[in-house]
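Asks: Based on these hints, arrange chain B with the ligands on the given structure of chain A.
2 protein chains.
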Amino acid sequence: MASFAQTGRKIVAIGRNYAKHAKELGNAVPEKPFFFLKPTSSYLLNGGKVEIPRGVTVHHEVELGVVIGKTGRDISATQAEEYVAGYALGIDMTGRNVQDAAKKKGLPWTAAKGFDTFTPISGFIPKSAVSDPSNLNLWLKINGAFKQNGNTGDMIFRIPQLIEHVSSIMTLEEGDLILTGTPEGVGAIQAGDKITAGLQLPSTNDSLVALEFDVVDRNGGFAFE
Amino acid sequence: MASFAQTGRKIVAIGRNYAKHAKELGNAVPEKPFFFLKPTSSYLLNGGKVEIPRGVTVHHEVELGVVIGKTGRDISATQAEEYVAGYALGIDMTGRNVQDAAKKKGLPWTAAKGFDTFTPISGFIPKSAVSDPSNLNLWLKINGAFKQNGNTGDMIFRIPQLIEHVSSIMTLEEGDLILTGTPEGVGAIQAGDKITAGLQLPSTNDSLVALEFDVVDRNGGFAFE
Ligand SMILES: [Mg+2]
Ligand SMILES: [Mg+2]
Ligand SMILES: [Mg+2]
Numbered sequence: 001m002a003s004f005a006q007t008g009r010k011i012v013a014i015g016r017n018y019a020k021h022a023k024e025l026g027n028a029v030p031e032k033p034f035f036f037l038k039p040t041s042s043y044l045l046n047g048g049k050v051e052i053p054r055g056v057t058v059h060h061e062v063e064l065g066v067v068i069g070k071t072g073r074d075i076s077a078t079q080a081e082e083y084v085a086g087y088a089l090g091i092d093m094t095g096r097n098v099q100d101a102a103k104k105k106g107l108p109w110t111a112a113k114g115f116d117t118f119t120p121i122s123g124f125i126p127k128s129a130v131s132d133p134s135n136l137n138l139w140l141k142i143n144g145a146f147k148q149n150g151n152t153g154d155m156i157f158r159i160p161q162l163i164e165h166v167s168s169i170m171t172l173e174e175g176d177l178i179l180t181g182t183p184e185g186v187g188a189i190q191a192g193d194k195i196t197a198g199l200q201l202p203s204t205n206d207s208l209v210a211l212e213f214d215v216v217d218r219n220g221g222f223a224f225e
Numbered sequence: 001m002a003s004f005a006q007t008g009r010k011i012v013a014i015g016r017n018y019a020k021h022a023k024e025l026g027n028a029v030p031e032k033p034f035f036f037l038k039p040t041s042s043y044l045l046n047g048g049k050v051e052i053p054r055g056v057t058v059h060h061e062v063e064l065g066v067v068i069g070k071t072g073r074d075i076s077a078t079q080a081e082e083y084v085a086g087y088a089l090g091i092d093m094t095g096r097n098v099q100d101a102a103k104k105k106g107l108p109w110t111a112a113k114g115f116d117t118f119t120p121i122s123g124f125i126p127k128s129a130v131s132d133p134s135n136l137n138l139w140l141k142i143n144g145a146f147k148q149n150g151n152t153g154d155m156i157f158r159i160p161q162l163i164e165h166v167s168s169i170m171t172l173e174e175g176d177l178i179l180t181g182t183p184e185g186v187g188a189i190q191a192g193d194k195i196t197a198g199l200q201l202p203s204t205n206d207s208l209v210a211l212e213f214d215v216v217d218r219n220g221g222f223a224f225e
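From first to last, the protein sequence lines are chains A and B. Counted from 1, the first sequence has number 122 at position 122 by full-length UniProt numbering; the numbering is strictly sequential. Counted from 1, the second sequence has number 84 at position 84 by full-length UniProt numbering; the numbering is strictly sequential.
Calculated pairs, BS3-like style, for lysine-lysine (alpha carbon to alpha carbon, straight line, at most 25 Å):
#1 B:Lys103 / A:Lys23
#2 B:Lys104 / A:Lys32
#3 B:Lys194 / B:Lys147
#4 A:Lys105 / B:Lys32
#5 B:Lys103 / A:Lys104
#6 A:Lys105 / A:Lys23
#7 B:Lys49 / B:Lys141
#8 A:Lys104 / A:Lys32
#9 A:Lys147 / A:Lys20
#10 B:Lys103 / A:Lys103
#11 A:Lys105 / B:Lys103
#12 B:Lys20 / B:Lys147
#13 B:Lys49 / A:Lys70
#14 B:Lys103 / B:Lys32
#15 B:Lys20 / B:Lys32
#16 A:Lys20 / A:Lys141
#17 B:Lys105 / A:Lys104
#18 B:Lys103 / A:Lys32
#19 B:Lys70 / A:Lys49
#20 A:Lys104 / A:Lys23
#21 A:Lys194 / A:Lys141
#22 A:Lys105 / B:Lys20
#23 A:Lys23 / B:Lys104
#24 B:Lys105 / B:Lys23
#25 A:Lys103 / B:Lys23
#26 B:Lys105 / A:Lys23
#27 B:Lys105 / A:Lys105
#28 B:Lys104 / A:Lys105
#29 B:Lys32 / A:Lys103
#30 B:Lys147 / B:Lys23
#31 A:Lys194 / A:Lys49
#32 B:Lys20 / B:Lys141
#33 B:Lys23 / B:Lys103
#34 B:Lys23 / A:Lys105
#35 B:Lys141 / B:Lys23
#36 B:Lys105 / A:Lys20
#37 A:Lys103 / A:Lys23
#38 B:Lys70 / B:Lys127
Bear in mind the hints are in silico, worked out from the structure with no lab data behind them. All values reported here derive from a predicted model rather than from experimental measurement.
Isolated chain A, as found in the complex (with noise of 0.2 Å):
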């Protein structure tokens, strides 16, 4: 699974899954869960380059990822544990205008969140390594700046719950990526910001993982009017 970013067939994204999020955006907070799906050529290894697509409003959402290790559907929430492999640092990034107006229409959030380089995604981390995901801090910064500094603990649903819920719909198999929502701190970012975001265990304060990542417009391609 160490190579599910280039492996992998689908990533499925949480909507709304911390409380503060949904309401900065001035979303009701959800009663159930729900998701979209990003394409895995959205993927951007650590030292990429994250393109803002003319005309577009990007946001980064950080997100703690969930990496599926076997295949299943109807996976109850009490088996869940069995089927993730590990995890990784992710960020959601999503074109806000793009979203805003597709919402408006009824339209899927699909282009908003599926341009290229709108998955940066961290190396693989076994699950070794992790005595307990809900109690995670992961962060992300602009230029040096705290923007996002959240803990896994504030989800609404937490990870069994999300792969018992997504596995019901789709199933879910190896490689898979769940990225499960985004805490408060939300924000724009322009050519010429870097970006980095980690993962740490609280009670060392050890980064699991650490990301870097230049911003930079997209020559050509999609233009957003």
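Replies: Below, chain B with the ligands alone, put in the same frame as chain A:
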């Protein structure tokens, strides 16, 4: 590319690409193409069983699929044909009540479109077998009665434009499938139904593929409320 259903990493599905279908659901004809993703876990090979999730109204949408043969982005319409390996006949199964609820709330279409077995698909049709993809008959029957019977010449946005649009947002990769939208006549299927579908060259009436699926109720899993 014969094994695109086993190896491909994304399914890009175009919405409302035939005017009469847009109108039959009370939607405006789009000024620009739009699309959503279906998970590759929703593929169902010929002869398989389409599952009806509990409480879900499942509509059939027969569609021409385009199988991508090489990786590219910012592919111009004039170059698009080089990126096409071939075709397939697919059915974009849709949980219509799940989709309607999502549209009303401005939420993603993902669950409505992504249940297991919701992308019945034919084998690969090499490009050499299709002299003109903009003049193919595609049809779908339920229990032997025609429900859809269209021609790809009625697409609002043709295949080269679709490839240009999608690849301006996300890189298309070898084995990816683009479902190009459905002609009018969509409607509900029920457990016990037999679905057949075909794709034909109008000049010769030769069938390129013939699909056959039984419909069953899904045991367990998601329930729409
Ligand atoms: Mg979607
Ligand atoms: Mg997110
Ligand atoms: Mg469709």
